[in-house]
Amino acid sequence: MNPPRPGEKLAAVPIGPLDGAAIERYARASGDDNPVHLDPAAAGAIGLPDRIAHGMLVMGRLSRLALGWRSDAVLEAFECRFTRPVPAGAALTGDGRVAKVDALADGHRVILRLLARDADGAIAAMGEATLRLPG
Amino acid sequence: MSDAAAGPLATVTLRVDAAEIDAFAETLGMPASPVPPTFPIRFLFHPEIRAALAMFLPADGSLPIHVGQRFRYHRPLTAGETLTCAVSATPPGGARPFALVRLDVSDGTGAAVCQAESEIAIAAPGFTWDKLK
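Chains A and B, in that order, give the protein sequences. Read in order, the letters of the first sequence correspond to residues 1 to 135 in our numbering. Read in order, the letters of the second sequence correspond to residues 1 to 133 in our numbering.
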């Protein structure tokens, strides 16, 4: 397999639609039943027009980009910043690129920058995955 | 969050349940093996950990809003294994606008498995969403 190069783009993945049913399934599976995700009235009380998707639902789906990039890569760290509320029903797209490559004695350490964007291109989440590649 | 001093709040021993991994992975459109890398967030919602963290949330209708998450992995999780999660929390203050909740996950030998750090905004009526940017 060719060594990674900074700037290399990752294949985009759909993240959604994050409709009410998807949010409710994630709430049950994760245990995160925060009313801001499940109750429009509770969301409205803190200034939101509707309930919002879990940031971790977005991050989890965004992780597919990193895991699907190279089959021999080992994920060492993964972080994400949730920059805006994602209303129920939104459809996001995840994309990413190789941001940094460091040579190691036994391979490479690679940082991937990952983004989740809404239909207008606005960034809803910014992620960074650190992976180790053998050889 | 209150102004209570930061520090360890609880230590919980739990089993990594295969059915829970299956359900979690399905919601993400991922296989259950390897265990999805964000699965450890589920440990944050263990009843004892929730109870320990609940005391930090003001009883004024405020809701926690997850604004950032970090994981560091030492090895993959395995379905069926028993892990220990130590949770600590630091309230917002000074230059830090958000609360920080940390989980340190280790196995039966005491070896580190992963760490998870969650940044949490406390949203009360009038919360300004621009704070997230």
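Calculated directly from the structure, the hints in this document are not laboratory data. As the structure is a computational prediction, the values presented were derived from the model and not from experiment. Ideal Cβ placement from N, Cα and C applies to all residues, glycine included. Where hints are given, some of them may not hold.
[As the list claims (entries may be wrong)] Listed below are the simulated SDA-like cross-link pairs for lysine to any residue, each with C-alpha atoms no more than 25 Å apart in a straight line:
1. A/LYS100 to B/ARG70
2. A/LYS100 to B/PHE127
3. A/LYS100 to B/PRO58
4. A/LYS100 to B/GLN115
5. A/LYS9 to B/GLN115
6. A/LYS100 to B/TYR73
7. A/LYS100 to A/ALA77
8. A/LYS9 to A/ALA88
9. A/LYS9 to A/ALA45
10. A/LYS100 to A/GLY89
11. A/LYS100 to B/SER62
12. A/LYS9 to A/LEU75
13. A/LYS100 to A/PRO40
[To be verified] Here are some chain B residues the structure puts well away from chain A; computed CB gaps all over 10 Å:
14. GLU20
15. GLY29
16. PRO36
17. SER62
18. VAL67
19. THR90
20. ARG96
21. PRO97
22. LEU100
23. THR109
24. THR128
[To be verified] Cβ-Cβ distance ranges computed for the label pairs, FRET-style:
25. A/ASP72 to B/ALA79: 28 to 36 Å
26. A/VAL101 to B/ALA19: 19 to 27 Å
27. A/PRO35 to B/ARG15: 42 to 50 Å
28. A/ARG5 to B/ALA54: 26 to 34 Å
29. B/ALA95 to A/ALA122: 38 to 46 Å
30. A/GLY47 to B/THR109: 24 to 32 Å
31. A/GLY20 to B/ALA79: 26 to 34 Å
So, going through the hints one by one against the coordinates:
Pair hint A/LYS100 plus B/ARG70 holds up; C-alpha atoms about 18 Å apart against a cutoff of 25 Å. At most 25 Å may separate the alpha-carbon atoms for a hinted pair to count; A/LYS100 and B/PHE127 exceed this at roughly 36 Å. Among the hinted pairs, A/LYS100 with B/PRO58 is inconsistent with the structure: their alpha-carbon atoms are about 42 Å apart, more than 25 Å. Annotation: proposed proximity of A/LYS100 to B/GLN115 holds, straight-line Cα distance about 23 Å (limit 25 Å).
Restraint check for A/LYS9 and B/GLN115: the C-alpha separation of about 28 Å exceeds 25 Å, so the hint is violated. Among the hinted pairs, A/LYS100 with B/TYR73 is consistent with the structure: their alpha-carbon atoms are about 19 Å apart, no more than 25 Å. For the given pair, A/LYS100 sits about 14 Å from A/ALA77 by alpha-carbon distance, which is consistent with the 25 Å threshold. A distance of roughly 29 Å separates the Cα atoms of A/LYS9 and A/ALA88; the hinted pair therefore is violated under the 25 Å criterion.
Between the alpha carbons of A/LYS9 and A/ALA45 the distance comes to roughly 41 Å, so the proposed pair goes past 25 Å and is violated. Of the pairs offered as hints, the one joining A/LYS100 and A/GLY89 is violated, with about 34 Å between alpha carbons and a cut-off of 25 Å exceeded. The straight-line distance between the Cα atoms of A/LYS100 and B/SER62 is roughly 40 Å, outside the 25 Å bound, and the hint therefore fails. Restraint check for A/LYS9 and A/LEU75: the C-alpha separation of about 18 Å stays at or below 25 Å, so the hint holds.
For the suggested pair A/LYS100 and A/PRO40, the alpha carbons sit about 41 Å apart, so the restraint of at most 25 Å is broken. Here B/GLU20 does not stay apart from chain A, with its beta-carbon only about 7 Å from theirs, under the 10 Å limit. The Cβ of B/GLY29 does not lie farther than 10 Å from every Cβ of chain A; its closest approach is about 7 Å, which violates its non-interface assignment. Chain A draws B/PRO36 into its interface by the beta-carbon criterion, the shortest separation being 6 Å against a cut-off of 10 Å.
B/SER62, annotated as away from the interface, has a beta carbon of chain A within 10 Å; the closest lies near 8 Å. Not every CB of chain A is more than 10 Å from the CB of B/VAL67 (nearest about 5 Å), against its label as outside the interface. Every Cβ of chain A is farther than 10 Å from the Cβ of B/THR90; the closest lies at roughly 17 Å, confirming the non-interface assignment. Its beta-carbon lying about 15 Å from the closest one in chain A, B/ARG96 satisfies the requirement of being farther than 10 Å from that chain.
Look at B/PRO97: its CB is around 13 Å from the nearest CB on chain A, clear of 10 Å, so calling it non-interface holds up. With 10 Å as the threshold on Cβ separation, the claim that B/LEU100 sits away from chain A holds: the shortest Cβ distance comes to roughly 13 Å. Consistency note on B/THR109: stated as away from chain A, and its beta-carbon is indeed over 10 Å from all of that chain's, at 21 Å minimum. Not every Cβ of chain A is farther than 10 Å from the Cβ of B/THR128; the closest lies at roughly 8 Å, contradicting the non-interface assignment.
About 22 Å separates the C-beta atoms of A/ASP72 and B/ALA79, a value inconsistent with the hinted range of 28 to 36 Å. Between A/VAL101 and B/ALA19 the CB atoms are about 39 Å apart, so this pair departs from the stated range of 19 to 27 Å. For the hinted restraint 42 to 50 Å between A/PRO35 and B/ARG15, the CB-CB distance of approximately 28 Å leaves it violated. Between A/ARG5 and B/ALA54 the CB atoms are about 48 Å apart, so this pair departs from the stated range of 26 to 34 Å.
For B/ALA95 and A/ALA122, the Cβ-Cβ distance of about 27 Å falls outside the hinted range of 38 to 46 Å, so the restraint is violated. In this structure, A/GLY47 and B/THR109 break the distance hint of 24 to 32 Å, their C-beta atoms being roughly 47 Å apart. A hinted range of 26 to 34 Å holds for the C-beta pair A/GLY20 and B/ALA79, which are about 29 Å apart.
Of the hints listed earlier, those the structure fails to meet are numbers 2, 3, 5, 8, 9, 10, 11, 13, 14, 15, 16, 17, 18, 24, 25, 26, 27, 28, 29 and 30, in rising order.
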